[in-house]
Amino acid sequence: MNLIVSSIGQGLLWALLGLGLYLTFRILDFCDMTVEGTFPLGAATAVTAITHGVSPLLATLLAVGTGMIAGLVTGLLYTKGKIPSLLAGILTMTAIYSVNLRIMGKSNISLLGKPTLFNGALKNLPQYFDSVTLGLIVIAIVTILMVAFLATDYGQAFIATGDNPTMAKAFGIHTDKMVIVGLMVSNGMVGLCGALIAQNNGYADVNMGIGTIVIALASIIIGEVAFGELTLNQRLVAVTLGSIIYRLILLAVLQLGFSANDLNLISSIVLAISMMIPQFEQHLNIKKPILRGVQPHE
Amino acid sequence: MSKPILELKNVQTVVNKGTSNETMILKGINLEINDGDFITIVGTNGAGKSTLFNVIGGNLRADNGQILHNGKDITNSSEEDRTAFLARVFQDPKLGTAPRMTVAENMLLATKRGERRHLIPRKLKQNMARFTKLAATMNNGLEDRMTTATGALSGGQRQALSFLMATLKRPDILLLDEHTAALDPHTSLNLLHATNERITHDHLTALMITHHLEDALTYGNRLIVLKDGQIKADFSGPEKEQLTVDKLYQYFED
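First to last, the protein sequences are chains A and B. All letters in the first sequence, in the order written, are residues 178 to 475 by our numbering. All letters in the second sequence, in the order written, are residues 13 to 266 by our numbering.
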C-alpha cells in the first residue's frame, strides 16, 4: 500500500515535467531537449539556495527562474540564431551541465537536516502523503493556470503558432516571441519539478537529468493512449494521470526483480511500447488512441 | 484623384545574391493601387506574380525601390506589422487555417489580425452567432461545422474559411494568390462568386492572381499582365471591358 501511495506521489510531482513538455512538444510542436538540463538545474538551484539558508519556498521560486532563463537561451538560439530546434536544446542542455556543477560546487549535495517544502507544514502527514498533498496542490494550480492561459487571446495565438506558423504570421502573430515565451514557461515548470523532486529525495545530483525527457514524453503519450480522444483541457489532466500510471508501471516492474539501475532502460521500453501501440492498433483492435496533439475544445 | 492606397516605386528583387545563380525576379515594378481597385493579375510561370505578392506582404524584402502605404514608407516593415492593414489568402488550403483549431477559433484569431493579443479571455461564445452568420454567407455548409477542427474540413470549405478570415477584419489590401486553383471547378466557381460578392459589396481593395484568363477578364476593374519581372500591360475601366481572351493570350506567346 505504501509503495502505491509513494508511486502516486511521485507521479503527481513528476507530472509537472510532462505538463511543461506538453506546452512545447505538443502545442508548439517543438521537441525541446533543454529539459534534460533544466530539471537538474532547478534541483541544483533550489538545493544550493536551501543549504545557504534561503527559505524552501523562495529557493523553489529561484529554480523556476533559472529554468526560465534556460528556456530563454534555447529560444534565442532557435529564433534569432536559426539553430534547428533539436540542436538548440542539446546545446543548452550540455552547457547547463557545467552551470550546474558551478552552482553546486560539487556533483552531489544533500539536504539532510535542512528545511524543505516537505518537512514544513506537511511534516505531520503519514509517510508519502506529503508528496501526494503537495503534488496535488501544485498540479491543480499549474493545470488551472494552463487552462486559463490557453483560453486567452494570447493563448490562442500561442496554439496557432504551433499549429500553423505561416497562418499565424499572416494574422500578425509574432511567432518567434511565442516560441520564446513557450520555452520559458515550459522550462520554468521543469525547473519547478526539479526543485520539488530534489527536496522530496533529499538531495540534488548533477546527473539526475538523464532520461527526464523520456519520462516526460511517457507521461504525455501514456495519457493519450490510455484516454483516447479528449478536449485540450482534459488532455492536460490526462498528462498527470499518465505520469501516475507510468510510476505504477515502474513499481510493477521493480517488483518483478529489476533494480533501480535498470530504470532508464525500463523508461525507454515503456515509452517505445506506448508509442508503438497505434501501429498495432488494427491487429490488436485497441481503442483508437489520438496522437495528434492539441485537440479542439468545446 | 485620391492618393493611391499602395504604391510600388521601381521595386526590384534579386535571388541567390552573390552566387553564380544570381537572378533578378522583379525588374523594377511601378504600380499604383487605388482605393477600391480589384486588380486581376495574369502572367506566365516565373513572371514574378508570387514574388510581387511576397514583396507586398513583407515576407520578402525588396532589394531596391520603395513601397508606400497611404504615402507612408513600409519598405522595411515586417510581415507581422503589415498584417495590420493587409490580409492574404494562399493557394494551398492548408496554409490559411490552423488545422487543430475549430472553425470558430480560427475566425476568432482572424478578428485580431495585426493587433496585440493580451492575456484576456478569448470570448468565443459571445462571437459565435456572428461567426455562424458569416460562415453561412459562403453557401457551402461551413456554418454547420463551427466546432469542427479545420483539418477535418474539405479543401473547398477550408479555402472559403481562409477567405472569410482574411476579410473578417477589413483589410486595406487583400492579396488573393490563386486562391481557387486547388479546388474542383464547381467549388472554385462558388468561391470566386463569393469573393467577387464580398469585394464589391464591401468596396475592398484586392489583388488576385489567376491563371484563368476568363476569370481575369470577368472579375475586377483592372487587369495587369506581368511578364519577365515587369508589368507589360495595365488595363482598366472600358479598356479592360473590351479586352478578349485572344488579345490577352497574345501576351503569353513567344
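None of these hints come from the bench; they were simulated from the model. Think of the CB as a built atom: it goes at the ideal place given N, C-alpha and C, for glycine as much as any other residue. Some hints here could point you the wrong way.
[Said to hold, decoys possible] Computed Cβ-Cβ distance ranges for the label pairs, DEER-style:
1) P133/B / K257/A: 42 to 48 Å
2) K39/B / R279/A: 40 to 46 Å
3) N33/B / Y274/A: 41 to 47 Å
4) N151/B / P455/A: 34 to 40 Å
5) I387/A / D104/B: 52 to 58 Å
6) G297/A / N88/B: 39 to 45 Å
7) I387/A / K39/B: 36 to 42 Å
8) P197/B / I446/A: 28 to 34 Å
9) S90/B / A429/A: 52 to 58 Å
[What the hints assert, rightly or not] Examples of chain A residues toward chain B, derived with CB under 10 Å:
10) I336
11) N341
12) T343
13) T352
14) A403
15) F404
16) G405
17) D439
18) Q456
19) F457
[As the list claims (entries may be wrong)] The calculated lysine-lysine pairs, modelled on DSBU-like cross-linking and capped at a C-alpha distance of 30 Å, are:
20) K137/B / K291/A
21) K257/A / K137/B
22) K257/A / K239/B
23) K239/B / K354/A
24) K354/A / K145/B
25) K354/A / K15/B
26) K354/A / K244/B
27) K257/A / K84/B
28) K354/A / K259/B
29) K259/A / K137/B
30) K354/A / K39/B
31) K259/A / K29/B
Checked hints:
no.: 1; hint: P133/B / K257/A: 42 to 48 Å; in the structure: 32 Å, violated
no.: 2; hint: K39/B / R279/A: 40 to 46 Å; in the structure: 57 Å, violated
no.: 3; hint: N33/B / Y274/A: 41 to 47 Å; in the structure: 43 Å, holds
no.: 4; hint: N151/B / P455/A: 34 to 40 Å; in the structure: 38 Å, holds
no.: 5; hint: I387/A / D104/B: 52 to 58 Å; in the structure: 42 Å, violated
no.: 6; hint: G297/A / N88/B: 39 to 45 Å; in the structure: 56 Å, violated
no.: 7; hint: I387/A / K39/B: 36 to 42 Å; in the structure: 57 Å, violated
no.: 8; hint: P197/B / I446/A: 28 to 34 Å; in the structure: 53 Å, violated
no.: 9; hint: S90/B / A429/A: 52 to 58 Å; in the structure: 54 Å, holds
no.: 10; hint: I336; in the structure: 6 Å, holds
no.: 11; hint: N341; in the structure: 5 Å, holds
no.: 12; hint: T343; in the structure: 5 Å, holds
no.: 13; hint: T352; in the structure: 8 Å, holds
no.: 14; hint: A403; in the structure: 20 Å, violated
no.: 15; hint: F404; in the structure: 17 Å, violated
no.: 16; hint: G405; in the structure: 16 Å, violated
no.: 17; hint: D439; in the structure: 37 Å, violated
no.: 18; hint: Q456; in the structure: 21 Å, violated
no.: 19; hint: F457; in the structure: 25 Å, violated
no.: 20; hint: K137/B / K291/A; in the structure: 51 Å, violated
no.: 21; hint: K257/A / K137/B; in the structure: 37 Å, violated
no.: 22; hint: K257/A / K239/B; in the structure: 36 Å, violated
no.: 23; hint: K239/B / K354/A; in the structure: 39 Å, violated
no.: 24; hint: K354/A / K145/B; in the structure: 34 Å, violated
no.: 25; hint: K354/A / K15/B; in the structure: 36 Å, violated
no.: 26; hint: K354/A / K244/B; in the structure: 41 Å, violated
no.: 27; hint: K257/A / K84/B; in the structure: 28 Å, holds
no.: 28; hint: K354/A / K259/B; in the structure: 50 Å, violated
no.: 29; hint: K259/A / K137/B; in the structure: 39 Å, violated
no.: 30; hint: K354/A / K39/B; in the structure: 34 Å, violated
no.: 31; hint: K259/A / K29/B; in the structure: 20 Å, holds
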